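Okay, here's what each chain looks like letter by letter:
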Amino acid sequence: MSVLVNKNSKVIVQGFTGTEGTFHATQMIEYGTQVVGGVTPGKGGGTHLEKPIFNTVADAVKQTGADVSIIFVPPAFAADAIMEAAEAGIGLVVCITEGIPVQDMVKVKNYLASTKTRLIGPNCPGVITADECKVGIMPGFIFKKGNIGIVSKSGTLTYEAADQIVKAGMGITTAIGIGGDPIIGTPTRDAVELLMNDPETEGIVMIGEIGGGMEAEAARWIKANSKKPVVGFIAGQTAPPGRRMGHAGAIVGGSDDTAAAKMKIMRECGIHVVDSPADIGKKMAEAMKK
Amino acid sequence: MNLHEYQAKELLKKYNVPVQEGFACSTIHEAEEAYRQIKNQFGSSFAVVKAQIHAGGRGKGTIKETGINGVKVAKNLEEVIDFSKKILGGTLVTIQTGPAGKVVNKVLITQDMYYDGPSPRKEFYLSILLDRSKGQNVIMYSTEGGMNIEDVAHDTPEKIFKEWVSPSGGLLPFQARKIAFNLGLSGEAFKNLVKFVTNLYNAYVGLDCAMLEINPLFKAADDKIIAVDCKMNLDDNALTRHADLSSLRDISEEDPTEVEAGKYNLNFVKLDGNVGCMVNGAGLAMATMDMIKLSGGEPANFLDVGGTANAQTVEAGFKIIMKDPNVKAILINIFGGIVRCDRVAAGVIEAYKNLGNINIPIIVRLQGTNAAEAKKLIDESGLKVQSAILLSEAADLVKKAVA
Chain A
1 MSVLVNKNSK VIVQGFTGTE GTFHATQMIE YGTQVVGGVT PGKGGGTHLE
51 KPIFNTVADA VKQTGADVSI IFVPPAFAAD AIMEAAEAGI GLVVCITEGI
101 PVQDMVKVKN YLASTKTRLI GPNCPGVITA DECKVGIMPG FIFKKGNIGI
151 VSKSGTLTYE AADQIVKAGM GITTAIGIGG DPIIGTPTRD AVELLMNDPE
201 TEGIVMIGEI GGGMEAEAAR WIKANSKKPV VGFIAGQTAP PGRRMGHAGA
251 IVGGSDDTAA AKMKIMRECG IHVVDSPADI GKKMAEAMKK
Chain B
1 MNLHEYQAKE LLKKYNVPVQ EGFACSTIHE AEEAYRQIKN QFGSSFAVVK
51 AQIHAGGRGK GTIKETGING VKVAKNLEEV IDFSKKILGG TLVTIQTGPA
101 GKVVNKVLIT QDMYYDGPSP RKEFYLSILL DRSKGQNVIM YSTEGGMNIE
151 DVAHDTPEKI FKEWVSPSGG LLPFQARKIA FNLGLSGEAF KNLVKFVTNL
201 YNAYVGLDCA MLEINPLFKA ADDKIIAVDC KMNLDDNALT RHADLSSLRD
251 ISEEDPTEVE AGKYNLNFVK LDGNVGCMVN GAGLAMATMD MIKLSGGEPA
301 NFLDVGGTAN AQTVEAGFKI IMKDPNVKAI LINIFGGIVR CDRVAAGVIE
351 AYKNLGNINI PIIVRLQGTN AAEAKKLIDE SGLKVQSAIL LSEAADLVKK
401 AVA
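Sequences listed follow chains A and B, in order. Read in order, the letters of the first sequence correspond to residues 1 to 290 in this note's numbering. Read in order, the letters of the second sequence correspond to residues 1 to 403 in this note's numbering.
Hints in this document: simulated from the structure, not taken from any laboratory. Remember, it's a predicted structure, so these values are computed and weren't measured experimentally. Heads up, some of the hints might be wrong.
[Unchecked claim] Capping the alpha-carbon separation at 30 Å, the derived lysine-lysine pairs in DSS-like fashion look like this:
1) Lys227(A) / Lys282(A)
2) Lys167(A) / Lys384(B)
3) Lys353(B) / Lys263(B)
4) Lys400(B) / Lys353(B)
5) Lys109(A) / Lys134(B)
6) Lys109(A) / Lys375(B)
7) Lys283(A) / Lys353(B)
All chains, please: the whole structure from these sequences, using the hints.
In structure tokens form, the structure reads like this:
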């Protein structure tokens with residue numbers, strides 16, 4: 001089973017012929033992902049990495065039947081790329097691009113609300129279903145097949161968690177890097193819900209960071225719906241307060257913002273919270289034995 | 001990117017948002033000239049001298065050297081000169097600057113808004129920012145202006161109103177009217193506030209602000225609605241489409257080490273601890289700081305080297321961390337994905353040799369692609385560098401280093 005992507009996913013790459021797009025498309029093809037083509041406006045009709053290039057996402061969907069898109073378009077044009085993919089009927093859009101202006105994402109979030117498209121990211125490492133399909137920039141070899149799902153805001157911390165899970169004798173179903181931006185397509189709660197409903201996934205690692213209220217929201221959902229053990233970690237226990245958000249932001253964000261507050265809520269909701277990022281694998285092994 | 005009050009007000013004027021008028025001055029001579037112009041233009045002998053730094057609480061803060069507050073109302077030219085002398089070049093300490101304070105390089109000489117008139121003067125609060133959970137902009141406002149809004153939120157949350165703005169429709173006229181009604185306005189003041197908030201929202205979106213705060217939002221005795229102060233923070237990611245705004249950056253307001261780190265594309269934040277760290281990825285960097293604390297140390301910095309950890313970036317990172325004499329050990333934590341660990345290890349060795357006299361323990365944890373080869377390179381380098389593969393091993397080495 002797994003979630004979001006699998007060996008049948010047909011993937012197109014937006015920003016296909018750029019440096020990043022080329023490098024990671026190559027890596028994804030090597031991993032076994034079915035990359036069926038790419039989009040670079042103005043280069044349609046040609047081929048790249050032995051796959052067809054299209055001018056528009058709509059053309060790519062019509063010709064290839066693609067249902068997943070991964071975006072490597074520069075920040076100034078990425079919001080447009082996401083909306084173009086949604087308009088063309090792509091079901092899952094994974095946006096890797098870092099540095100998209102916030103007001104662009106306000107528009108995107110509103111636009112997607114009236115479509116059936118799910119967005120992962122932006123500013124994320126992507127999604128990987130072990131041994132089947134990689135739609136992202138993560139090093140594939142770390143993710144050995146198993147029964148643990150991962151949800152994380154951070155790239156390298158996702159790899160760290162996956163590595164510890166594997167070293168502790170388990171493996172990964174699907175790892176979802178949801179992204180670290182203030183506005184993202186799929187919040188922690190939704191990603192956890194996907195994994196909770198996946199019959200192959202038997203345990204979940206949920207990794208968050210300071211800022212926003214997504215982890216608290218996910219924790220409350222888990223308390224009400226949990227059927228599987230969840231191990232949690234929040235990065236930024238030692239981060240100085242107020243470095244990114246002004247006063248007013250703290251009011252809207254509420255008191256769920258700090259690492260300590262999030263960890264407390266997560267514990268109260270029955271999540272196995274680790275203080276040290278070095279204990280994620282060990283804790284999951286313990287939780288699975290119970 | 002933070003802006004000064006005087007810069008923010010100039011930008012607001014372009015969007016027809018009425019502001020308390022004034023001139024930014026770096027010398028006493030300029031302050032005198034500014035006062036003369038303001039007196040001519042507005043006919044009052046009163047003016048306000050306002051220290052320009054990137055921090056709030058200026059009115060209640062004091063200049064270390066002279067003991068004077070950062071915002072002063074002057075009755076005449078002599079007082080403008082006296083206050084400017086005592087503020088310019090001084091170090092202003094406010095609740096937001098920390099005890100070190102910030103040096104004042106400019107004062108803003110402004111018109112006095114507290115003139116008499118037919119209706120009572122009032123101070124409100126209004127800010128526009130992003131509500132992350134809804135993915136929408138929200139206008140937050142209160143009748144309790146001129147004070148610390150966090151205190152208002154804590155003591156009297158019922159006095160804070162919020163108006164969410166739909167991304168498709170923008171701020172609608174009925175919403176602007178609702179804000180004016182909730183602030184208890186009528187007549188000319190009501191009309192003026194509706195215009196004010198509509199134009200302010202346009203400025204917020206047009207300038208790609210991350211946060212825009214008007215406190216106090218002032219109703220003058222003649223029913224004018226005026227931004228007396230303005231705190232504006234611009235979205236760094238949007239600066240590429242505002243070429244004119246990038247030049248407003250004031251580097252003297254930023255930590256010099258952080259500015260230097262930025263030149264090497266390193267994301268650095270200075271902290272007060274004793275263990276420096278260098279990590280790839282922001283989440284792992286924060287997690288590494290947490291692990292340092294759990295191992296008995298205190299993180300001396302946040303440093304994300306990003307996707308490319310090579311000899312140049314590692315060397316720059318070393319140099320920046322070691323500027324801090326409190327650092328007793330450095331932990332390098334790289335999870336190699338696309339970046340190969342053996343390349344990073346070679347970079348660490350090269351940087352270490354280039355720098356020569358590193359007298360503190362260096363702990364290098366390399367995991368991921370080619371981790372074993374990397375550990376071998378470090379172990380055989382003959383340098384006083386301790387290597388680890390597992391994060392728990394790195395934690396133990398930190399524990400020993402700070403014990």
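To see whether the hints hold, each was checked on the structure:
{"no.": "1", "hint": "Lys227(A) / Lys282(A)", "result": "holds (20 Å)"}
{"no.": "2", "hint": "Lys167(A) / Lys384(B)", "result": "holds (28 Å)"}
{"no.": "3", "hint": "Lys353(B) / Lys263(B)", "result": "holds (23 Å)"}
{"no.": "4", "hint": "Lys400(B) / Lys353(B)", "result": "holds (24 Å)"}
{"no.": "5", "hint": "Lys109(A) / Lys134(B)", "result": "holds (9 Å)"}
{"no.": "6", "hint": "Lys109(A) / Lys375(B)", "result": "violated (45 Å)"}
{"no.": "7", "hint": "Lys283(A) / Lys353(B)", "result": "violated (40 Å)"}
Hint compliance for this structure: hints 6 and 7 are not met, and every other hint is.
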